[in-house]
Amino acid sequence: MAQLVVENLKMYYHTRNGQVRAVDDISFTLEAGRALGVVGESGCGKSSLGLTLLRLLPSNGRVVGGSVRLGSDELMAMEEEAFRKGVRWKRLAMVFQGAMNALNPVLTVGSQIAEAILAHEKATKEEAVERAKKLLEMVGINPARYSHYPHEFSGGMKQRAVIAMALACNPEVVIADEPTTALDVMVQAQVLKAISDLRQRLGLSMILVSHDLSVVAQTCDDVAVMYAGKIVEYGPVEEVLVNPKHPYTQGLTQAFPDIRAERAPIVSIPGTPPNLLSPPSGCRFHPRCPLADARCAAEEPVLEEKGAPGHRVACHYVSKSGEVAEVKFA
Amino acid sequence: MTASQPDVLLEVRDLVKHFPLRRSIREIVRGERPAVRAVDGVSFFVRRGEILGLVGESGCGKTTTGRVLLRLEEPTSGEIIFDGQDITKLSREEMRRLRRRMQIVFQDPYDSMNPNLDVFRIVAEPLRIQGLAKSHEEMEERVARALADVELTPVEEFMHRYPRELSGGQRQRVAIARALVLEPDFIVADEPVSMLDVSIRGGILKILQRLVRERGLSLLFITHDLSLARHFCDRIAVMYLGKIVEQGASDALVHRPHHPYTQALMEAVLSTDPRQKRIYTGLAGEIPNPANPPSGCRLHPRCPLASDRCRTETPPLVEHAPGHWAACHFVEKALERLAAAEAASPAEEPAG
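As they're listed, the protein sequences go chains E and Y. Following my numbering from start to finish, the first sequence increments by one per residue and tops out at 1377. Following my numbering from start to finish, the second sequence increments by one per residue and tops out at 1761.
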């Protein structure tokens, strides 16, 4: 069952120098109970995508087209009042990047979770406290720590508490923006484990935004690879990350060698990501792509299914049957 | 650990750096001197023309170690032997002259350069301080060469830009050029790519690698990323709570980690292969406070193999295989455990 359907979504930031096309014609479907990873580098629009879905854009960010449906409700057309009361946090929640550093230092962690419940639901104080303790337990924190302050928590515990907070109103979909960035490997593993356990227990649907392919490989069912405001490749992780077809995805996977793999030469993708004020014509990756020709510079490739079922790619060099031109970055 | 071979450029013996804490009345009365024991008896060496990775989690003391090597922080005790000379004994002036041969590249390219200077002046500054360029022309020539070395070309175009006009990757190249302009023998690079995107970081790493291979530079590469160290460095030293727990060739260390901490660190690294879904949550607990580290082996409160001996006796770094050192009382047991774990999860195929 489709839980969240995003169609042709466009969100631009209006600046003095023109429009920054951060989310540019993006479509995907999140099935109930599944986890979608959104990967890409800084400035590719992956965080903006999350903010757009939750309608938490800064004043210069505007949705200029497309639709987002949650169940049967169209979110982008909804009145702000109705969205705030009925959707945000209740059905669609978010764990922000660096949220663990945004906990209020003078309030106990537990009371901040209870407060989130009281702000959105008709519950008594006692009920909220009870639920907050349960939420802490769900993310693997002893409920006895309800009345501890943020400085008494380690980084990993704070991050898990913030995840518990996002779950306060039993949302259907959780968007997590770089939930483990800046955590040490063992702590990262603990947080990801907590997220995986929660998904299984609660049947949560999730969008996980990350720059780290290994995080997505280990926690998600599907992956969308974003480059310069667009999805360039999309499909099940076992497909996209194992048989990457788009030259950019191939570059990313080559630049992320597995630790257990043989020692490999260092790989880089030439050039730098484009400025989204004036993205390149045609395929946005063409100035950096070893395969690019005149067609790539002129004609924008469509994201379409090629070869394996559900595996969609936007590249002129991938044939209809999914035949790929292998690209070796050096 | 001693390795006084001619190919060793830098050798560190029992290096200690404590940061004193403010003393409470009780501590003054008792004569106690509380301190954060950031680096607490570290020994290692760097050969000429090699990349040594110094790997560990936040707060393990890896950055402090790098800074002490250049005496940007004064060591509390220990020896730092650079090209046969103990540099802890040098005067400020002698040290200043020696820095021509030892340079550092910092983590944050946004924070490590003066925004009011253009690229030319940033890169030329070490030359000016060292008084190495006789004329403006010579200075220009040497700056241009350094910029070409880090592939900031066309050089003339970059010379007169300001840091704000450069991307993160370009700034980090400027930082490397600034270190290179003095033609040093040894560079400490402290997380030089951790703030850069993957597609960009490869370019920086390749420049460093080329300089090491072509010029016989030695590089101490400080990183939290074991995966990166494994592919980039010739040898790796793993730090935990102010001490080196294991040191060896990258391949050997990754394929046959001897120390329980290295084993756990390895296991916690996520695979990029989605067909092998496995999240290993590592050791129990968190890294203890370096102001009050555990007795004996510092890992013992978190180590699955810990016994009474580990609680009381600090294990020394011992060479268990040629060039492979580990500081653990129970290396045999740790290796058995590793073999058992590998037998349980059959043939991990390399991904990609």
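Quick caveat, the hints were computed from the structure, so don't treat them as lab data. Please note that a few of the clues may not be correct.
Calculated cross-link-like contacts (lysine-lysine; reagent style DSS-like; alpha-carbon spacing at most 30 Å) [to be verified]:
id, chain 1, residue 1, chain 2, residue 2
1, Y, LYS1742, E, LYS1240
2, E, LYS1181, Y, LYS1742
3, E, LYS1057, E, LYS1353
4, Y, LYS1742, E, LYS1375
All values derive from a computational prediction rather than experimental measurement.
Each hint tested on the structure:
Distance check on the hinted pair: LYS1742(Y) and LYS1240(E) sit about 28 Å apart at the alpha-carbon level, within 30 Å; holds. Of the pairs offered as hints, the one joining LYS1181(E) and LYS1742(Y) is violated, with about 40 Å between alpha carbons and a cut-off of 30 Å exceeded. For the hint pairing LYS1057(E) with LYS1353(E), the CA-to-CA distance comes to about 24 Å; that is within 30 Å, so the pair holds. Note on LYS1742(Y) and LYS1375(E): the hinted pairing is violated, with a Cα-Cα distance of about 42 Å set against a maximum of 30 Å.
The structure does not agree with the numbered hints 2, 4 stated previously, though it agrees with the rest.
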